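Undergrad: In case you want the letters, here they are:
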Amino acid sequence: MSSLLEMRSVSKIFGSGETATHALTDFSHIVDEDKPSITAIAGESGSGKSTAARLILGFEKPTTGQVLYRGKDLQSISGSERRQFRQEVQAIFQDPFGVYNPFYRVDRLLHTPIKSFKLAKNKAEANEKIRVAMRTVGLNPDEVLGRYPHQLSGGQRQRITIARALLLQPRLILADEPVSMVDASLRASILDSLLTLNREFRISFMYITHDLTTAYQIAERLMVLFRGTLVESGPVADVVRAPKHPYTQLLVSSIPSPDPTKPWGQDAASAKDPAETFGTTGCPFASRCAHVMPECRSTVPPKFQVGRAAVACFLYKDRPLAGEPTANSQQVLLQTR
Amino acid sequence: MTNGNALDVRDLYVQFNTRAGVVRAVDGVSFSLKPGERLGLVGESGSGKSTIAMALLRMIKPPGVINGGSILLGGSTEITKVTDKEMRAIRFARIALIPQGAMNSLNPVRRIRDQFLDSMRAHGVKLKSDEAKERIATLLTSVGLRPDVANKFPHELSGGMKQRVCIAMAVSLKPSVIIADEPTSALDVVVQRQIMETIGNVQEEIGAAVILIGHDMGLMAQFVDRLGVMYGGKLVEDGETKEAFRSPQHPYTQVLIDSLPSFDEEPRLVKIPGQMHSPLAPPPGCVFHPRCPKRFAACDSIVPVLRPVQGHQRVACLLYASSYPAQPQLEPVS
Chain A
1 MSSLLEMRSV
11 SKIFGSGETA
21 THALTDFSHI
31 VDEDKPSITA
41 IAGESGSGKS
51 TAARLILGFE
61 KPTTGQVLYR
71 GKDLQSISGS
81 ERRQFRQEVQ
91 AIFQDPFGVY
101 NPFYRVDRLL
111 HTPIKSFKLA
121 KNKAEANEKI
131 RVAMRTVGLN
141 PDEVLGRYPH
151 QLSGGQRQRI
161 TIARALLLQP
171 RLILADEPVS
181 MVDASLRASI
191 LDSLLTLNRE
201 FRISFMYITH
211 DLTTAYQIAE
221 RLMVLFRGTL
231 VESGPVADVV
241 RAPKHPYTQL
251 LVSSIPSPDP
261 TKPWGQDAAS
271 AKDPAETFGT
281 TGCPFASRCA
291 HVMPECRSTV
301 PPKFQVGRAA
311 VACFLYKDRP
321 LAGEPTANSQ
331 QVLLQTR
Chain B
1 MTNGNALDVR
11 DLYVQFNTRA
21 GVVRAVDGVS
31 FSLKPGERLG
41 LVGESGSGKS
51 TIAMALLRMI
61 KPPGVINGGS
71 ILLGGSTEIT
81 KVTDKEMRAI
91 RFARIALIPQ
101 GAMNSLNPVR
111 RIRDQFLDSM
121 RAHGVKLKSD
131 EAKERIATLL
141 TSVGLRPDVA
151 NKFPHELSGG
161 MKQRVCIAMA
171 VSLKPSVIIA
181 DEPTSALDVV
191 VQRQIMETIG
201 NVQEEIGAAV
211 ILIGHDMGLM
221 AQFVDRLGVM
231 YGGKLVEDGE
241 TKEAFRSPQH
251 PYTQVLIDSL
261 PSFDEEPRLV
271 KIPGQMHSPL
281 APPPGCVFHP
291 RCPKRFAACD
301 SIVPVLRPVQ
311 GHQRVACLLY
321 ASSYPAQPQL
331 EPVS
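Chains A and B supply the protein sequences, listed in that same order.
At position 37 of the first sequence the residue is numbered 37 (the numbering used here), and the sequence of numbers has no breaks.
At position 42 of the second sequence the residue is numbered 42 (the numbering used here), and the sequence of numbers has no breaks.
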C-alpha cells in the first residue's frame, strides 16, 4: 500500500490573536493509491470543508501539519512533481457556470489540459480522447462540442467539467459540492458518473458536501466536520443510520423525511441560534449540545472508538481512544463494506 | 361573490415572446388556495413554478406576458386587471414574497430597521418612532431574532438571519397569501428546519395561506398540506400531500418520489430518464411522454387534462382517462 495523498494533523488558522478563525483543526486523512475510495466530507457552511479542499489542492498552506503527496510535503515538492500532482489530483467545483469563460466554446476547456500536459500527439488524437471522455460521463459529443456555455444546461456543463478531469487520468478527484446546483432529477445521473469513474477507472474521490443523502448514495466513508473539527467519522451507513455525535444526530434529524407521516424531530438544539454561540475552548458544539457536561466546555474531546466510527465526544469517554488513521485502519474500514 | 378562498387561479397562461420563439412558461394552470392552507409547487428548473409565483405578484417582466386566465385574490381582486398603482398597494399588504436569495434581497447600505420602515411607509402605515421601533422588535422576535438586529446592516447577519429578516418583512403587513420561492435553497439542513418552522409559526399566527415553491420533496412532505406537481408549464398532479406520497398517480410524480433516497435502504441512484424538452418546442400530446416510463400510443397525440381520480387528487394523465380513445397498455398503479 502506498498513500497517494495524506493530510497529517492539518490545521489552518486565518488571522491571529483574538480574531483568529480556526477554519480547520487537527485534520487527518489518507487516500490510498491502490484502493480507490470515495470519502465524503460533510458539514454546514463555515464547517471548514472548503478550507480542507483548498489545502488538499495546495491553494492554502497549512498553519500546522502537513499535506503529503506521494509522501512528500506539498509545500516543498519540485516543479516536475508539482506538475504530476496537478495531473493526478483534479477538482470539480460547485458552480458549473463559474468555470467557463463565456466567450469561448466549451471545447476549449477540454483542449487546454490536453495541450498543457501534452496528452495527445495530434489534433485527431485529442479529439478522439475528448469524445471518449464525454461518452464516459454520459454526454453525446455531437450535441455539446462547438457550443458556448450558455447554450448548455447546468447538468451538461457539470458533466463537461467531469470529462475534463477524466481526460487527465487522475488518481484523485476532489469534488466540492458537485451536485448542489443541479436539479434533483439530474443529481442521480451525475453521481452515477462519479461512481463509474471510481469503479472503472479506479479514481478515488473526496466528496465535499452539506447533503448527507448524496453522501450516503455514493461514499464509503463519511467525515463530519463542525467548526473545523472532525466530530465523527466512519463507514457512511453506520454514521447516517446510527449517528453517535450529538451534532451528527442533529444533522441527520434535520433532513426532511420524504414521508409526511414521519414528522421532523423537534430537537432542543435546533431552537438555538448558531450565530450566538461561539465557544472558544472545549468542544465546539458544547454551547448547542443538549448533553453538555462541565468537561465539554473546558477540554477538547479526543476521538473515541464507538463501533466502527470515531467520535469526538465525552459521552463515549468509557470507550477506547480511536487511533489516528493509518494505512491499516483505512484498509480495515474499506473492507468492512 | 366570494367563495371564501384566499386565491383562485383559473386557466393561467404566461408566455415569453423571445427572439427564438414563444415559450409557454405557464400553460393553462388552475388551482385554489384556502385561507391558512399550505400548498407546495414542485418541479424541476423550467417547469414554470417560479413563473407562477411572479405572475401571482404580477412581476412578470417583458418579454414575458400574462396572456390568459384569471388570478382572483380574496374572492374579489382580479390581479390581472388592477392598475399598477393598485398592484403596488396589494403587494406586501395582501400577497407577499419570501425570496429565494435572502442575501440579494436586502439593501446592503441600509440598516434593517430602515428597510422595514420603507415598506411600512410605502403602504401608508404611519407610526410614531417609538411605536415603529416596538413593531419592528415584535416582528423580529416573532421570527426568532433579537430586536437589536434592527440596528444592523445585512452584511453583519448570517444567511439564516437574513432569511428570517425577509420572513419578518413578508409578514409585517399581515398578508393573506405568502409565496415562499425556495426560501431555504442556500442554507444547510439545520438552518433550513429552523427557517421552515419559523415560516410555519408566523403563518399560523397571522392566518395566511402559503405557497411553497421548490424541488425538495422531503421539504414538501414535511411542510405542505397540498402538493402540486409541475412539468413543462403544466400542473400534472394536485392533491393532499399524504395521498400524493402514499399513492402518486402521475408517472412523473411516481419517479420523483421513487428517486428519493432513504437511509433505511441500501444506497441506490434512481435516474429520471431523458431531459426536459426545449421550452421552444414542447412535444405534441402529453409534455412528459418522451420521458415517461408508462407511455402508450395515444400519449404523443392527445393532451391530457387535469381531472379528479380518487379522493382529492387530480391528475393529468391518459392512464386514468378511460374515456379517451386509446386504452392504456399498462395496468394503472393502485
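If you're looking for bench data, these hints aren't it; they were derived computationally from the structure.
Here the structure is a predicted model, which is why all the values come from computation and not from measurement.
Watch out, some of these pointers could steer you wrong.
Straight line, CA to CA, 20 Å or less: simulated EDC-like cross-link-like pairs of lysine to aspartate or glutamate [to be verified]:
id	chain 1	residue 1	chain 2	residue 2
1	A	LYS262	B	ASP258
2	A	LYS118	A	GLU88
3	A	LYS262	B	ASP264
4	B	LYS174	B	GLU205
5	B	LYS133	B	ASP114
6	A	LYS262	B	ASP225
7	A	LYS262	B	GLU243
8	A	LYS262	B	ASP216
9	A	LYS262	B	GLU197
10	B	LYS81	B	GLU37
11	B	LYS34	B	ASP8
12	B	LYS242	A	ASP32
13	B	LYS271	A	GLU88
14	B	LYS271	A	GLU60
15	B	LYS271	A	ASP211
16	A	LYS35	A	GLU18
17	A	LYS123	A	ASP142
18	A	LYS115	A	GLU60
19	B	LYS152	B	ASP114
20	A	LYS262	B	GLU265
21	A	LYS72	A	GLU18
22	A	LYS61	A	ASP34
23	A	LYS262	B	GLU240
Undergrad: All the hints need checking, so say for each whether the structure fits it.
TA: To see whether the hints hold, each was checked on the structure:
no., hint, result
1, A/LYS262 to B/ASP258, "17 Å, holds"
2, A/LYS118 to A/GLU88, "14 Å, holds"
3, A/LYS262 to B/ASP264, "13 Å, holds"
4, B/LYS174 to B/GLU205, "9 Å, holds"
5, B/LYS133 to B/ASP114, "10 Å, holds"
6, A/LYS262 to B/ASP225, "14 Å, holds"
7, A/LYS262 to B/GLU243, "14 Å, holds"
8, A/LYS262 to B/ASP216, "16 Å, holds"
9, A/LYS262 to B/GLU197, "16 Å, holds"
10, B/LYS81 to B/GLU37, "25 Å, violated"
11, B/LYS34 to B/ASP8, "9 Å, holds"
12, B/LYS242 to A/ASP32, "46 Å, violated"
13, B/LYS271 to A/GLU88, "30 Å, violated"
14, B/LYS271 to A/GLU60, "37 Å, violated"
15, B/LYS271 to A/ASP211, "18 Å, holds"
16, A/LYS35 to A/GLU18, "43 Å, violated"
17, A/LYS123 to A/ASP142, "17 Å, holds"
18, A/LYS115 to A/GLU60, "26 Å, violated"
19, B/LYS152 to B/ASP114, "10 Å, holds"
20, A/LYS262 to B/GLU265, "16 Å, holds"
21, A/LYS72 to A/GLU18, "33 Å, violated"
22, A/LYS61 to A/ASP34, "27 Å, violated"
23, A/LYS262 to B/GLU240, "16 Å, holds"
Violated hints for the displayed structure, listed by number in ascending order: 10, 12, 13, 14, 16, 18, 21 and 22.
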